[in-house]
Amino acid sequence: MRLHQLYDTPFLFYFGTQWALVKSYGMATGTPLLVRTRQLCDPGRVGRRAEDTAILLVELLVGDLDSERARRAMARLNWMHGRYASRIVRTDYVHTLALFVLEPARWIDRYDWRALTRLEKVAYFVYWRELARRMGFDDLMPETLEALEEWKQDYEAKHMYFIPENRMVAEATVDLFLRSVPKFLHGFMRTLFVSFIDEKPVRDALGFPDPPFWASALTAGFFRLRGFVLRYFFLPRPAPMDPLPPPAKDGRIYRSPRFVGFEPWYVADTWYNRIMLWLTSGGKVVPGGKYQGRGYVPEELGPAEFEKLGKEEVLKQAEMMKEYAVLERDEPIGTGCPFSFGF
304 MRLHQLYDTP FLFYFGTQWA LVKSYGMATG TPLLVRTRQL CDPGRVGRRA
354 EDTAILLVEL LVGDLDSERA RRAMARLNWM HGRYASRIVR TDYVHTLALF
404 VLEPARWIDR YDWRALTRLE KVAYFVYWRE LARRMGFDDL MPETLEALEE
454 WKQDYEAKHM YFIPENRMVA EATVDLFLRS VPKFLHGFMR TLFVSFIDEK
504 PVRDALGFPD PPFWASALTA GFFRLRGFVL RYFFLPRPAP MDPLPPPAKD
554 GRIYRSPRFV GFEPWYVADT WYNRIMLWLT SGGKVVPGGK YQGRGYVPEE
604 LGPAEFEKLG KEEVLKQAEM MKEYAVLERD EPIGTGCPFS FGF
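Heads up: the sequence shown begins at 304 in the working numbering, then just goes up one per residue.
No lab work stands behind these hints, which were simulated from the structure alone.
All figures in this text were calculated on a predicted structure; none of them were measured in a lab.
Take these hints with a grain of salt, some might be off.
Cross-link-like lysine-lysine pairs, in silico, DSSO-like; alpha carbons within 30 Å at most [claimed, not checked]:
(1) 503 to 552
(2) 593 to 619
(3) 486 to 455
(4) 611 to 593
(5) 461 to 503
(6) 625 to 614
(7) 455 to 424
(8) 552 to 614
(9) 486 to 593
(10) 461 to 486
(11) 486 to 424
(12) 587 to 486
(13) 614 to 593
(14) 611 to 625
(15) 552 to 625
(16) 593 to 552
(17) 552 to 619
(18) 611 to 587
Sequences and hints are given; from them, build the entire structure.
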């Protein structure tokens, strides 16, 4: 897993994960709640929601799942979902998980310099199944990768259809992507955005029109050219593209401006970071201020109104999650991280 995530195919791995989230907005069972909470429709909130989601995914996918910080991140995720437990359809969890498992592999196999091996795909499925167990819906999870793909197709046939809320969330996401793009290019980039959604049922569910042929050809050609150039003209990556920063001396975690997606949340307010963000955002964002340049700890992640809530519950649940870990002795308490031997 770490080989393709951090060395061989990191760009399309994270790109595919990002588009898995976009595709999840086509599910009519989930977007009404997203609209009611305004986390993905309010321009003032959607940026932080996107950054927090990325941070939680990095904490759980890149680090040691049995480490203290990963347990705290998992506990925080469970706590936030618990706030809306009565309004979330449990099978939607499985569908989102299926997208996270299948979409990155689909993008990599189609466009990167090498396809994933079956072992890599199954390993990623097993890892996500362990995450499902720790989130409490492993009873709904199919047993195999092939069964998960079949389940996903059946579920989408029943629940992926257009409602206005789907379009509202999708449009807010498009607007977020376009923030750093000059306005005169918005129409062009919006067309390219739609061309990335290459499955017509998904476009229909999101309320997007079919892209023109030139847009689909341009995006496919770009990615195929990129894969060709990487395969034949680039040396292997000498070091991992690791987006997981270590805690600082004060115990808090400070993000690198290199891995900021849309807004510089939790990036330290230094001159170096200011210059880097000015260059990458066209001078539109700087660290600090409302973006909390004091860093983060996992138990504080989430919407601003929840920032000071639930810390004790999260830390208690994180401590209880030790039962999942395989201890360094002969009698394991639980099954543990399925790939803990790799850390």
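For each hint, the structure was consulted:
A C-alpha spacing of about 50 Å is found between residue 503 and residue 552, which places the hinted pair above 30 Å, so the restraint is violated. With a C-alpha separation of about 29 Å, the suggested pairing of residue 593 with residue 619 holds against the 30 Å cut-off. A hinted pair counts as satisfied when its Cα atoms are at most 30 Å apart, and residue 486 with residue 455 does not qualify at roughly 37 Å. Taking the CA atoms of residue 611 and residue 593, the gap is about 15 Å. The hint holds against a cut of 30 Å.
Taking the CA atoms of residue 461 and residue 503, the gap is near 15 Å; set against the 30 Å cutoff, the hint holds. Proximity of residue 625 to residue 614 is assessed by CA-CA distance (about 17 Å); at most 30 Å being required, the pair is judged to hold. Proposed proximity of residue 455 and residue 424 is supported: the alpha carbons are some 16 Å apart, at most 30 Å. Restraint check for residue 552 and residue 614: satisfied, since their Cα atoms lie roughly 21 Å apart, inside the 30 Å limit.
The hinted pair formed by residue 486 and residue 593 meets the criterion: a straight-line CA distance of about 25 Å does not exceed 30 Å. For the proposed pair residue 461 and residue 486, the alpha carbon gap of about 38 Å is over 30 Å, so the pair is violated. This hinted pair does not check out: residue 486 and residue 424 have alpha carbons roughly 40 Å apart, beyond 30 Å. Taking the CA atoms of residue 587 and residue 486, the gap is about 13 Å. The hint holds against a cut of 30 Å.
Between the alpha carbons of residue 614 and residue 593 the distance comes to roughly 21 Å, so the proposed pair stays at or under 30 Å and holds. Note on residue 611 and residue 625: the hinted pairing holds, with a Cα-Cα distance of about 24 Å set against a maximum of 30 Å. A threshold of 30 Å between alpha carbons decides the hint, and for residue 552 with residue 625 the separation of about 25 Å falls inside it, so the pair holds. The suggested pairing of residue 593 with residue 552 holds, with an alpha-carbon distance near 23 Å, which does not exceed 30 Å.
For the hint pairing residue 552 with residue 619, the CA-to-CA distance comes to about 23 Å; that is within 30 Å, so the pair holds. Distance restraint check for residue 611 and residue 587: the Cα-Cα separation of roughly 29 Å lies within the 30 Å cut-off, and the hinted pair is therefore satisfied.
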